[in-house]
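A.B. asks: Residues per chain, in single letters:
2 protein chains.
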Amino acid sequence: MSKTSMSTVDKALALLRYFSVQHPEIGLSELSRLAGYDKTTILRCMTALERNGFIEQSPETKRYRLGLAPATYARIRERSFPLMAFLQPQMDRLAANTGETAHATVVTGHILMTVQISEPDRATRVYIDPSIPLPVHATASGIVIAAHLPDAQRADLVAHSAFQQFTDSTTVDPQLFNDQLARARAQGFARADRSFENDVMGTAAAFFGPNGVLGGAVAVAAVASRFDARVEARIVQEVRAAAASVTQQLGGTLPTAPAGGN
Amino acid sequence: MSKTSMSTVDKALALLRYFSVQHPEIGLSELSRLAGYDKTTILRCMTALERNGFIEQSPETKRYRLGLAPATYARIRERSFPLMAFLQPQMDRLAANTGETAHATVVTGHILMTVQISEPDRATRVYIDPSIPLPVHATASGIVIAAHLPDAQRADLVAHSAFQQFTDSTTVDPQLFNDQLARARAQGFARADRSFENDVMGTAAAFFGPNGVLGGAVAVAAVASRFDARVEARIVQEVRAAAASVTQQLGGTLPTAPAGGN
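Chains A and B are the protein sequences, given in the same order.
If you read the first sequence in full-length UniProt numbering, its first letter stands for residue 1, the second for the next number, and so on.
If you read the second sequence in full-length UniProt numbering, its first letter stands for residue 1, the second for the next number, and so on.
Pulled out of the complex, with its shape left as it was, chain A reads as follows (with noise of 0.2 Å):
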């Protein structure tokens, strides 16, 4: 098997990621375009995942969609390490303790993936599709989870983002986005006012498993427009105290410092 025809995996599940809950279903020549693939290869790479129930085609409109498997691969990764069950209460209660949306993130190869999200009880609130990845330097979560990931991890995962600008105050300049990452260090948590949706204020804080391996951040997505530095305050504390919760749960430690000793 040479090194070219291994990019042809990458290709086929990168095609899984064009697939959301606004855009469920997708034809074969709008997924081609989407991915500038032909259509052979398209078709080729839609058959093979299609086989193995990644994706399978709806009887009626003839488009794609996806399949069933990854619900039972989801199932054995929950019920071999639960993570999914073991946030649900965590997050339930920051939403509720701040009443803003919390979310769970963890980074899994160069992806920054939402795995748990609890919405408050009142009728404004942030809506986070569970489906989009995050932008690791324009979300709270992305920022502390760089802040904390060790040098090579954080290297790959930054040479994967594309620093794309979302809003006025998106930081897509490298160093400044350095400058964030050292902030977060130091402070404990990460901030994003406004970087990805111009309505969104986003506060997150790293969780850490045995030995010091970061396991992710817990987040709180507030709505800017109520966001005052009582908010603010309250929102730190509940995400410091929830991540710091998560860790203790997980058996986890803080992290040695990468420098200056332990």
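Note that these hints are calculated values from the structure, not bench results.
There could be a bad hint or two in this list.
Copies of the same chain look alike in the list, so a pair counts if it fits in one copy or across any two.
The list that follows gives simulated cross-link-like pairs (lysine-lysine, DSSO-like), each with its CA atoms no further than 27 Å apart [to be verified]:
1) Lys39 to Lys62
2) Lys39 to Lys11
3) Lys62 to Lys11
Knowing the structure of chain A, use the given hints to seat chain B on it.
C.D. replies: Quick look at chain B alone, frame taken from chain A:
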């Protein structure tokens, strides 16, 4: 992209199927032995799967385990086309009404996948491992699904079946299997009498989506030692009622008879 290189996608995705609730972590050498590929091939497949979040390495043991990406795809699928949430109360009711384990199965590619399980509230019950694909010839779900598939899809499913002998009662003769399919079509349900596991009696009925497209099967896996004529009649009635209810709620219709006209 050649046809040969496409089989790389199948090879990589097939590796995911070695992970189960009973076997959540697998090392490189063991995976190589299980799959029959050399270690270099395994390593390339796993690296591509890891980059895409389908696999991760345990930080402690360095062995592989399933990653978190499938959970995201499962969530998008479920939010777009809710099936698990829809089946959950149905299976809970079936388990409560029969006092035995209820489950729902769908066919995806040539794999019969358990998508929902509900266990009864009693000390002895059948445990169903959601990570094990159901053998088509040895389970009531497999028989009733094969019985109601279009010919080409049934042929594909049967062609991929190993007709493995699980117990003394497993039907491994294709002609006897065909008789079981005919009986399932005639009576509207299938029975698997200790043919997959020695102590389990399976009863399954098919459910259908719009236009008579087969959706899957609902089934009850009962402890054989307490299975008698009264229990049997009750389970058949409840399984058929559950399949009819699922079909109705899916906006489904019963398939047109393949022969004899409509």
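A.B. asks: Give a verdict on every hint.
C.D. replies: Going down the list of hints, with the structure as the test:
1. In this assembly of identical chains, the alpha carbons of lysine 39 and lysine 62 lie at most 27 Å apart only when taken from the same copy (15 Å versus 39 Å across copies).
2. Taking the closest pair of Cα atoms, lysine 39 and lysine 11 come within 27 Å of each other both inside a single copy (13 Å) and across two copies (22 Å).
3. Proximity of lysine 62 and lysine 11 under a CA criterion of 27 Å is satisfied in both settings, with 22 Å inside one chain copy and 26 Å between copies.
Hint compliance for this structure: every hint is met.
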